[in-house]
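K.L.:
Spelled out, the chains give:
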Amino acid sequence: MFANFDFDVIRRSLGYLFFDGMTFTLTLTGLGALGGLIFGTLIALMRLSGYRLLGRIAGLYVDLMRSLPLVLVIFWFYFLVPYIGQWVTGSSRPIRVGAFTSSLVTFILFEAAYFSEIMRAGIQSISKGQPAAASALGLTYAQSMRYVVLPQAFRNMLPVLLTQTIVLFQDTSLVYVLSIPDFLGAASKVAQRDGRLVEMYLFAAVVYFAISCFASFGVRRLQARIAIVR
Amino acid sequence: MNYHWNWSIFFEPAPNGTGTYLDMLLSGLLLTIETSLCAWIIALVFGAVVGVMRTLPSKAASRIGFAYVEFFRNMPLLVQLFIWFFVLPEIVPQDWGLWLKQMPHAPFYTAVIGIGLFMSARVAEQTRAGVNSLPRGQKMAATALGLTTAQTYRYVLLPMAFRIIMPPLTSEFLSTIKNTSVAITIGLIELTGEARAMQEFSFQVFEAFTGATVLYLLINIVVVVAMRFLERSIAIPGYITGK
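Chains as they are written, first to last, in the numbering used here: chain A, 1 to 230; chain B, 1 to 243.
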């Protein structure tokens, strides 16, 4: 099976794969997770705010995003982001948006729906006495969220948030449908240029597998450590 | 916004000669449903077997189950589909590879098997959680009654476990439906693929994607409502969800 396996094609393209491809993938994962977490926390706060209209809007957004396949959402935003940009900047024509910006916006808005459900569970896991004590101390709603509830919710949910980030890391490979050279896209480009599909795809699989395995092992250890402290 | 809306595009004939654009989307919907149902059968069968293996007293069985779940969970679905579609025919003996490459509807079968196995790892985790959530007494009582391990699972543990994990299995099924859209990368023209084709033929980007979005929402609603009925009819008496 490995008789005519060409390891050299992997060695020759390592620089392109990691410096261009993997950098793109990791940047997209990191910024996507960060943006998704911030936006998702806001959505969770909207759902728990007690204002029925705000809660309804946030709920609809989450349900909509969670019932659509990511591939369709990627296509949606790829075409929609130029118009959103035009609307925001007030220019007369749809603005040009790069592949990276477009996919970053997609992942932030898509993952926010998933992160918001995690943060909602986290906020709800805080006992009622905590915000009650905060308001008894004279903290405003914003202060009680900022200094009392959210830090604890975030800490309780850290393993779940990180697991979702690993899922996000794997999902970024779907930007392939826009022919963007992320890690898989770069591997695929080399594979098609040199006619070495077997080597490149197996190598990509091994790399994704190693990173995800390593990361989920780290999350498991973190979970054990947090469990001891509490 | 200087975009020319044209909602009647759905009733105009599509250039591929199969009827209107709406027919195009509907045929994509059909393929999405077919693919996800077939993949779901594979996911349930393999997932149940592997999930049970992880709860068995045998160390070896539980290790194999663990390795299986980690293997399918730690690679992106897209990479797994590429491996089934592009790599597998090259690394098997030559005449098998030839047979694989000449097989009609190859994207469909690849998607069913690839998505089915990918989802089976998740179903396995749910099955394991379901079996482990049962009180220890159930298994002990079954052993005390003289049931073998196989009988314990068949008559005591699994009927309970599967009814308990119905709600998470519903969301795994919804994920299966959504994941079929990844198969457009290996040339399966399902709902997302048809929407993309419609957009390329007609240049009506937002109408095409809105059509697909509405259809995906419809599938979701139908599945959620149907599963709610099923959950209610099989709920275990005495549990919170039971009658």
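Some hints could be false.
Taking lysine to any residue pairs in the SDA-like style, the calculated list, with each CA pair at most 20 Å apart, reads [what the hints assert, rightly or not]:
1. B:101 with A:154
2. A:189 with B:27
3. B:101 with A:195
4. A:128 with A:154
5. B:101 with A:192
6. A:189 with B:205
7. A:189 with B:87
8. A:189 with B:83
9. B:101 with A:128
10. B:101 with A:197
11. A:189 with B:186
12. A:189 with B:90
Since the hints were made in silico from the structure, they are not lab data.
K.L.:
Take the hints in turn and mark each one as holding or not.
P.N.:
How the hints compare with the structure:
1. B:101 with A:154: violated (50 Å)
2. A:189 with B:27: Outside the cut-off at roughly 32 Å; violated.
3. B:101 with A:195: Holds, at about 16 Å.
4. A:128 with A:154: Between residue 128 of chain A and residue 154 of chain A the Cα gap is close to 16 Å, so the pair holds against 20 Å.
5. B:101 with A:192: holds (17 Å)
6. A:189 with B:205: Violated - the C-alpha atoms of residue 205 of chain B and residue 189 of chain A are around 27 Å apart, more than 20 Å.
7. A:189 with B:87: Given pair residue 189 of chain A, residue 87 of chain B holds - Cα atoms ~15 Å apart, limit 20 Å.
8. A:189 with B:83: With a Cα-Cα distance of about 15 Å, the restraint between residue 189 of chain A and residue 83 of chain B holds, given a limit of 20 Å.
9. B:101 with A:128: violated (61 Å)
10. B:101 with A:197: holds (14 Å)
11. A:189 with B:186: Satisfied, since the Cα-Cα distance of roughly 15 Å is no more than 20 Å.
12. A:189 with B:90: holds (18 Å)
Violated hints, listed in ascending order, are 1, 2, 6, 9; each of the other numbered hints is respected by the structure.
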